[in-house]
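Model the full assembly from the supplied sequences, consistent with the hints where possible.
Residue numbers (my numbering), protein chains in the order written: chain A, 1 to 349; chain B, 1001 to 1364.
Read the hints as simulated data drawn from the structure, not as lab findings.
Here the structure is a predicted model, which means the values were calculated and not measured.
Not one of these hints is a red herring.
27 Å max Cα-Cα, derived DSS-like pairs, lysine-lysine:
#, chain 1, residue 1, chain 2, residue 2
1, B, Lys1290, B, Lys1306
2, B, Lys1014, B, Lys1357
3, B, Lys1323, B, Lys1357
4, A, Lys131, A, Lys309
5, B, Lys1212, B, Lys1234
6, B, Lys1100, B, Lys1333
7, B, Lys1234, B, Lys1014
8, B, Lys1131, A, Lys152
9, B, Lys1123, A, Lys152
10, B, Lys1323, B, Lys1212
11, B, Lys1333, A, Lys320
12, B, Lys1357, A, Lys320
13, B, Lys1014, A, Lys320
14, B, Lys1052, A, Lys320
15, B, Lys1261, B, Lys1290
16, A, Lys45, A, Lys218
17, A, Lys36, A, Lys152
18, B, Lys1210, B, Lys1234
19, B, Lys1299, B, Lys1131
20, B, Lys1299, B, Lys1123
21, A, Lys320, B, Lys1324
Over 10 Å on every C-beta distance to chain A, these chain B residues come out as not near it, computed from the model:
#, residue
22, Gly1158
23, Ala1238
24, Gly1278
25, Tyr1291
26, Phe1300
27, Gly1332
In this text, a Cβ means the ideal position worked out from N, Cα and C, and glycines have one as well.
What follows is each chain in one-letter form.
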Amino acid sequence: MDFPEALSCPVPILSHDTVQLAHGAGGKLSNEMIDKIFLPRFTNKTLEKMEDQAILENPGGRIAFSTDTFVVDPIFFPGGDIGDLAINGTVNDVAMSGAQPKYMSVGFILEEGLPFETLHRVVLSMEAAAKLAGVQIVAGDTKVVNRGSCDKLFINTTGIGFVPDGVNISASNLTAGDKIILSGTLADHGMAVMTTREGLSFQSTVESDTAGLNHLVKDMLAVSLDIHALRDPTRGGLATSLNEFAMASNVGIQLYGDNIPVREDVRGACEILGIDPLYVANEGKLVAVVSADIASDMLSAMQANPLGKDSVIVGEVTNKHPGIVALRTGLGGNRIVDMPIGEQLPRIC
Amino acid sequence: MKYLDEFRDPVIAKRILSEIHEITTQPWVIMEICGGQTHSIIRNGIDQVLPKEIELVHGPGCPVCVTPLEIIDQAIEIAGRPDVIFTSFGDMLRVPGSHKDLFMVRSEGGDVRTVFSPLESLKIARENPDKEVVFFAVGFETTAPGNAMAVAQAAREGLTNFSELVSHVLVPPAMEALLSSPVNRVQGYLAAGHVCTVMGWDEYTPIAEKYKVPIVITGFEPMDVLIGILHTVKQLEAGTHVVENCYARIVEEGGNLPARKLIQEVFCISDRKWRGIGEIPMSGFRISDKYAAYDAELKFSVSDIKTEEPEACISGVILQGLKKPHECPAFGKECTPQSPLGATMVSSEGACAAYFKYQRILDI
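So, in structure tokens, the structure goes:
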């Protein structure tokens, strides 16, 4: 009989229920926390050596290296939490080079008084996300700060992976005629977090799309190593990623407005708040730019992966209007999809 | 989505569009009053597919745009006080005052919070009895009932730590101010559907008659906007000038009577400054004397903060459709969406902000 993970994996018994400043002081309490909370979940040969550094094998070639820090509020949201977000975020940043992420470091900043039950829950979902992605956590650090000096917990992750020979993915590779492929629906993560935040008085079923995309990228590279550009549209959404592409390659991008997939409930939440899904964060989607002759094979390969099943060609690269992303509306007009100035704010009316 | 997708159907929208093309025989200048309509026009590219004879002038109906500089400065002064929790709809936080915006107040340690309803501010006031909770009550007739409700509710509960900084403006006086200008070019109006949902349309009939302009109450979806334009052009071509309701699924002639009653109870009509236009007599609401204890302007004595608009800004002229944004010497130089000088560059719905984006693609 299968037990839910929470039942098979109770919170380890520690001498305290909550994180104390002493847990970050490097003494007995620090060791207790590492031994009981972190090591059992992140275990691997490199980490178990407990050295000040991880010594890793280098297979040769180019290394992809990326770091990101996670401060999401609330730390638990429908579809995920700060833990799997921290793993998947860095996995995806590394994977967008075409590399498979291999190793990762994890740094925690914990607020004094954080219940160990909360930390344990976060660590469990980090373990699960790391396993799914096939990445080893080989180095770590924990600091505890005074209550009020951070909000519950912040996590930094840094990842490295090895870029296969023949792969050269870059925002500056776009050429006219290329097709833009999006791996699924937009705005799920951003709206899941926004509708959970305190202050919003409607209930929502929107779930975050947080997921590691490295296996999807592997499936794509099996079709062709010649992917021109790849990005996971997180903060600032698809609009920001595409504007970065257009500027880096000095080309225009024409989107087909009717083709951009947004889930019905996400669209509803965006309508109520007056927010454009093109600018909302995603945590389990990628946008790929490939030459037109391989676009349909690439699309089929993406659709065959569960994380890319809703993939669709959303636009193309053009020599017209360099540096600008335009969207063709259902009426036949064109509107500019500009870089956002700041965070998207709900409109008054 | 029910009640939205039906009004976004591109096939039907194109049919209405071709009807507009068929009946248009000469140039017409039509103003859409509401920022929500401007947003829909830009978002759907409606202005690019209309007959070239039809010029849409973006009206003053964006509450973010028309809130005068001095009220923003008053808000910033109040929000910076240590005993205050300042609450506001999100998009007001980015509007620059003379020296900074409310985001900067927050980064300097001010407790500035985004809310989605003034009733949330009331909740914050109940939960923080040792703090003064202020709600930034901006907007047209549309947001007035909710803001009035919050004050009435606070009074009923005897809450003494809640107040509103009010900058409510009214549509009909602004329309009259624009129409009575000797250089007016606007020949027909798309009236704001949401405003009429609250207020009805009896105020518009005398304006249509006096200035001989068709006024068509119009919604916000692409099809709503196109139907509004179609009916306005029909009237202009036929030489008629009556009030028509093209948003009948929401708007009734008398408006929302309980909402109007609530507004009358809490607010009274007063002179108001409009960013980019100046003072228009009897063009807004202030909190009535009966509820003066809930007026943040009085409570925090900020009435003496007076700010003049930057001289370089010609947004008033632009709002009247007399000049195009790129004809302003400051356009794209001292004045950009990142550091706007005036009303029409502040909001993404403002004419100058829209032009700032468009001009780059028109150049191609």
